[in-house]
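Respectively, the protein sequence lines represent chains A and B. According to this note's numbering, the residues represented by the first sequence are -13 to 362, in order. According to this note's numbering, the residues represented by the second sequence are 780 to 1189, in order.
Quick caveat, the hints were computed from the structure, so don't treat them as lab data. Don't take each hint at face value.
[Unchecked claim] Subject to a maximum C-alpha distance of 25 Å in a straight line, what follows is the list of computed PhoX-like cross-link-like pairs (lysine-lysine):
no.	chain 1	residue 1	chain 2	residue 2
1	B	Lys1046	A	Lys311
2	A	Lys135	A	Lys178
3	A	Lys357	B	Lys1046
Keep in mind it's a predicted model, so treat the numbers as computed, not measured.
In case you want the letters, here they are:
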Amino acid sequence: MDFSFSDEQTLLQDSISKFLQNDYSFETRQKVIKEEAGFASSNWQQFAELGWLAMPFAEADGGFGGAAVETMIMMEQFGKGLVVEPFLPTIVLTGGALKIAGSDAQKAAHLPGIIDGSTQGALAFVEPQGRFNLADLTTTASKSGDGYKISGYKAVVLNGPAADLLVVSARTAGDQRDEQGVSLFLVPADAKGISRRDYPTVDALRASEITFENVEVGADALLGTEGDGLAILQQIVDDGIMAVGAEAVGCMEVAYKDTVEYCKTREQFGQPIGKFQVLQHRMVDMFMEHEQSKSLMFMAAMRMDEGYGAEAQKAVSAFKVQVGKSGRFVGQSAVQLHGGMGMTEELAIGHYFKRLTTIDTLFGNVDFHLKRFGSL
Amino acid sequence: MAPMQRQNSAISPAFVEAVNDFLALHTPVADAAQWRQAVCDQGWAVPHWSVGSGGQGWSPQQYLFWQNACVAASAPLPDPLTVSGIGPMLSSLGAQRWAGAIAAIRTLEERWCLAAPDAEGLSDQALTLHSGRLGPQLNGSLAPVVGALQSQWLLCLAQRSVAPGTAGPPAPVPEPDPDPDPDPDPVLVAVSAAATGLTLQPLAMVGEVSAGHVGNEVLMASLVCKDVVIEPAAVLAEGSAVEPWLTTLAAYAPALNPERASAAALKRQLADLLLLREHQQETGEFDAQGADFAIRLSALEVLEQRLLDAPQSQPGPEDSGIPGLRMMQQLKSLELQQELADAQAGLLGYYLLPYADPGLSHNEPAAGPPLARERVAAMLAGRGLLAAHDPLGLQIGRLAEVLGLGEARP
């Protein structure tokens, strides 16, 4: 295996690292999360100007032709800085849906706005009863003239409050849990019949509960083929897993290093607590969990870039399992070794712990992905 | 845009074909001696040595590929401690002086083992080297010594000491040292297994005895040295030079032998486990456990590759790219070995219990399916090997040092 980055990839990594160092301290981030949208639009514009929003899209669509490795590089850096700007929901999930299944007309209509930062997106696919089963849908899309009428309810839609464009999964045929009959639609967030309840999440992001009441959309809103949307949705979600997994790897690195530094300075019983063997062993375990996750991150990114299929899906599930277990361990250990201060707002470590905890749940937890891995 | 890829440019299709062709011709291995001869005739006994030293100059990636292919084909590999640890050590200490020993290693005629209780050599079990009438002499006992019965040479860790006088007037009783040196002078000494005064007794592993026979390969022995004469030239290292060598050689410990510890070997163990599961008709709960093992094995595989990819600035268990990664590989491999063995035991259920004690079983094999008996023996022997490798669990403490975890902030 070859683990080296190209010059462009190294440049990408370095540019994000510099941005975090110069413009995204923990204190800055704490101010950003208090903004109405939950992120700074000035930062988003800067991302657009730096070309980061264009990275994953084909050159023909105005992008830079990046693949899973580029997304991995970016999200790992974002994880280190606990970046809250909505790269995942807008670029990876919404932009990803268009990249995978959008027609030329759909791409032309929506990608330029996503790439230049003027359009925000959100993937509305979770339902309260469905847990991690993508096919478990009560939201329906029934034929209405040439188009469709969408009715239903979507939960925990990340970036819902800021979204201009929604990608919505709905059932066009079949029973509630049938794998056939799932379709995806591009829906303007301000369409008539949509109502939202917006809220902050425990890890300082923003999400919405969205109700759809006979929301009318045209035939051109359908992504891909009617009834065959589950496979597309699965691929979008697997891209999402790659992204949040890489973000978690970045979080773990900082959580581990911050903990090591803390243990070198905090004194108890007349010496730095890092001298106690039992704590050293805990930190060794944190180091190993982070490196395990990193190894599987490389494997998953390589497999995804070789072509999306069962092997790539297996690698992604393996990565998610590892990140779930390791993230929980590293986050919890980091808090534990910081003592009570670890769970205060003023120290960064508690925020890393929260993000690692929520990432375990996103797109399926450890148990879910162990089963999925075993079934593939 | 992405050079990061699974294809390794260090391994050419021609190389892969050559290895596969060789294994197709010579495996499955029916006769270990014939296999060794075939490997030597091919010039692949020590292919990772430089051409000037009699090897093929293979890269670490090529050598790992070869090792993994042999493991997958159940073809025995030469002892890593001998060919990758001690052979290069002797070359660096004086290729001329040790030409005979190096040649014997190169042709796989001789094997070495390490007789050292632990890397710091501070165990009360250490051998002692003192001056006697006939020159330096080795005395003491040590158990267990892994691989001793299969070896022609032992590299022994000993402490220099002043022995009670064997000739002349009695030595004066020394004054108690008010500030005793906690680190007695260690030495590494090369000793022939056939040396006069050296005895090796096989140690039967728990569960290895079956129907009156000790297991096919006796892994451990107890070593007793009584006035074993040591040539001065046989002292390979002493004092502060000893620890770095022990650290280097620790990477080739039997518990870390690629036949047991590599990702390829563990994959085979997992496949074995899944076969056992099928045989036992176990379903449900084990699915998650099997998936978990497979995932951790994938991580180990990638880690092996990452270590090969990192620049090596010096020999030893640490790569300069990410300190601690090699030790982590060892720890994770050992962890998986233990857990896979435990999982096998779990699957055996009640058939973990039957034991063919020769005195009580009337020479009948233990009750239960043959595959259960084999696995019990392998599991128990493996447990002994792992325990011998790191009895005090010091490895994790050493990794903490490498990571600089205990250092105070300047």
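These are the hints, each one checked on the structure:
1. B:Lys1046 x A:Lys311: Roughly 22 Å between the alpha carbons, so the hint for B:Lys1046 and A:Lys311 holds.
2. A:Lys135 x A:Lys178: holds (11 Å)
3. A:Lys357 x B:Lys1046: holds (20 Å)
Violation of the numbered hints given earlier is absent; every hint is satisfied by the structure.
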